[in-house]
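Novice: One-letter residues, chain by chain:
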Amino acid sequence: MAKQLASAPKPKRFHLKPAHWGIIFLLPALVHMLIFKFHPLFNAFYMSFHEWDLLNPPTWIGLDNYVRLFNDARFHNSLSVSLRYALSTTACLTVLGLGLGLMFNKATRGIAVLRAAYFVPSIMSTVVIAIIWRFIFHPSFGLQTFFTEPLGYFNVRWLTNSRLALPALVIVGVWRHLGYYSLIYLAGFQAIPEEQYEAAKIDGARPYQSLLYITLPLLRPTFLFVAIVSVINSFQSFAPAQLMTDGGPAGSTLVLPLFLYRTAIQNLHMGYGTAIAVIMFLVLMTITLIQLKLFGMGSGQ
Amino acid sequence: MTRVLVTIRGRLLNLVVHIILYAGGLLAVLPLLWMISTSTKPASEVFSFPIRWIPEQFQFVENLQAVFRTIPFATYYFNSLFVSLTGTALTVFFCTLAGYSFAKFNYPGKNIVFVLVLGTMMIPFQAIMIPLFLTVLRLNWTNSYLGLIIPGAVTSFGIFLTRQYLLAVPSEFIDAARVDGCGEFRIFLTIILPLAKPVLATLSILTFMNNWNDYLWPLVIINSPRYRTISLGLAMFQSEYSTQFNLLMTASLLATIPVLLIFFVFQKQFVQSMMSSGLKG
Numbered sequence: 517m518a519k520q521l522a523s524a525p526k527p528k529r530f531h532l533k534p535a536h537w538g539i540i541f542l543l544p545a546l547v548h549m550l551i552f553k554f555h556p557l558f559n560a561f562y563m564s565f566h567e568w569d570l571l572n573p574p575t576w577i578g579l580d581n582y583v584r585l586f587n588d589a590r591f592h593n594s595l596s597v598s599l600r601y602a603l604s605t606t607a608c609l610t611v612l613g614l615g616l617g618l619m620f621n622k623a624t625r626g627i628a629v630l631r632a633a634y635f636v637p638s639i640m641s642t643v644v645i646a647i648i649w650r651f652i653f654h655p656s657f658g659l660q661t662f663f664t665e666p667l668g669y670f671n672v673r674w675l676t677n678s679r680l681a682l683p684a685l686v687i688v689g690v691w692r693h694l695g696y697y698s699l700i701y702l703a704g705f706q707a708i709p710e711e712q713y714e715a716a717k718i719d720g721a722r723p724y725q726s727l728l729y730i731t732l733p734l735l736r737p738t739f740l741f742v743a744i745v746s747v748i749n750s751f752q753s754f755a756p757a758q759l760m761t762d763g764g765p766a767g768s769t770l771v772l773p774l775f776l777y778r779t780a781i782q783n784l785h786m787g788y789g790t791a792i793a794v795i796m797f798l799v800l801m802t803i804t805l806i807q808l809k810l811f812g813m814g815s816g817q
Numbered sequence: 087m088t089r090v091l092v093t094i095r096g097r098l099l100n101l102v103v104h105i106i107l108y109a110g111g112l113l114a115v116l117p118l119l120w121m122i123s124t125s126t127k128p129a130s131e132v133f134s135f136p137i138r139w140i141p142e143q144f145q146f147v148e149n150l151q152a153v154f155r156t157i158p159f160a161t162y163y164f165n166s167l168f169v170s171l172t173g174t175a176l177t178v179f180f181c182t183l184a185g186y187s188f189a190k191f192n193y194p195g196k197n198i199v200f201v202l203v204l205g206t207m208m209i210p211f212q213a214i215m216i217p218l219f220l221t222v223l224r225l226n227w228t229n230s231y232l233g234l235i236i237p238g239a240v241t242s243f244g245i246f247l248t249r250q251y252l253l254a255v256p257s258e259f260i261d262a263a264r265v266d267g268c269g270e271f272r273i274f275l276t277i278i279l280p281l282a283k284p285v286l287a288t289l290s291i292l293t294f295m296n297n298w299n300d301y302l303w304p305l306v307i308i309n310s311p312r313y314r315t316i317s318l319g320l321a322m323f324q325s326e327y328s329t330q331f332n333l334l335m336t337a338s339l340l341a342t343i344p345v346l347l348i349f350f351v352f353q354k355q356f357v358q359s360m361m362s363s364g365l366k367g
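Residue numbers (our numbering), protein chains in the order written: chain V, 517 to 817; chain X, 87 to 367.
What the hints contain is simulated information worked out from the structure, not anything from laboratory work. All C-beta atoms, glycine included, are put in the ideal place defined by N, C-alpha and C. Hints are supplied without guarantee of correctness; some may be wrong.
To be verified - If you want the footprint, here are the derived chain V segments under chain X, 3+ residues with CB under 8 Å: (1) 589-600; (2) 623-634; (3) 669-681; (4) 691-702; (5) 713-719.
With the hints as extra help, turn the sequences into a complete structure.
Specialist: Here's what the structure looks like:
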């Protein structure tokens, strides 16, 4: 009996085909996404139809949250602040990034050092950045005095003046991301085949003509990428507004993420908060689609 | 004559380009230098006029001691290191596993699932932050390492990145191992992971940086000082000691050092990985 068992081929208890293993390998990630991505996403829409303070059970109120948002002056202000912040940051980044990328493309000396220098701001934590810049903007002892006083401006209160606070945050945003985006542009420039320029040169094109008729049109995908990513990122910028100005003065820097955080997490209006989040999601989608339509059309891709 | 003029103009343009680039580069690192400079100053010199870049009285060590005296900085630092490293290890492991599955296996529904996974890349974190908070609340994971680590432990970007890389790996390696009777999980560990090293490095660097710098999520789920990460601790520090700029800058410098170190050691991979992502907070 024992001998028989030993000589028989080992019984295979679980014989799984590779396809089964493929599913097994995918499973942990898939389960994670169901719990921490898809479920919250559906829940976001679902909860936005409820009123809920975490203490009492949620009550269904239909579209009330959206109706209230529609009439909420603080929400209008936040949406406007966020749009202004995101669009002006993006405008600066797409234009300055393009110029800087162009110069990077022409640079011959010390590129590695330069690249590192421009890149450093984008790897730093937003909290650290907010702390540094709050001091930089200090009216009398901050680094900003170094630039404003020679121009005849003294004691500029960047962060406590309602007209300067948002521009101050835009400066921080542009400073932080400019290096990153200019390197994206640089990669875009380098992807343009050299023959295009040579052909143009043979045909007698001047440098600015090459720039205008070859570089810029071929750079459209890069431009679009920078614009979309920058809008999406700057729309979600939270730490500088919270730590440098705390949304002030007079709500002039109360960006949507900060409004969302205050409403939901600090004041425990979960339903109202998710309604804000849903609107934010829709606004970002809309901006992305508009950009795709504006810049994507006619490129044939 | 015109040729000479053209060369001169070219040289001049070149010079101008370099001057602007270097001036811009200086502006880019100036806040960093400002942080370092302030971190070495005694309180009296922080508020001195005109600006002194190099303090008369060098006081970095005293500032360092003061930071550790005022806040439980070591705890914050440990929490950030622990959360970032564990999170990165989990992300890299599970994303590569899933990426491998998408790249090298065939099973029904694979493509639909992949499109769904890609689709989640377009969900802004803040849009699902509150429901995510409620999920974590229900799991009783607020004020815990689990709450800090698990919700971000798998990223669709990581899955996408590893899948793209593994698509290019020849399937013969895997088939040969199968013929030799190597188990599927062992194939993954001994063949796929070593082959994927470059993309794993990219993903690790990026994930570590994002975890280390994360602020909003810890802010939402952590109250207890025991689980505060460095970003959170710094923010609290600033709200309590808002004018102690020299101490704030010392703490900020300490918080920046790990990322700076990784950046300078792996500069090339770092730049490449950030360029490949386009997704950061």
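Novice: Next step is simple, just say for each hint if it's right about the structure.
Specialist: We went through each hint and held it up to the structure:
1. 589-600: Coverage by chain X is violated for the region 589-600 of chain V (0 residues, Cβ < 8 Å).
2. 623-634: Three-residue rule met by the region 623-634 of chain V, so holds; n is 11.
3. 669-681: Coverage by chain X is violated for the region 669-681 of chain V (0 residues, Cβ < 8 Å).
4. 691-702: n = 6 at 8 Å, threshold three: holds.
5. 713-719: violated (count 0)
The earlier numbered hints that this structure contradicts are 1, 3 and 5.
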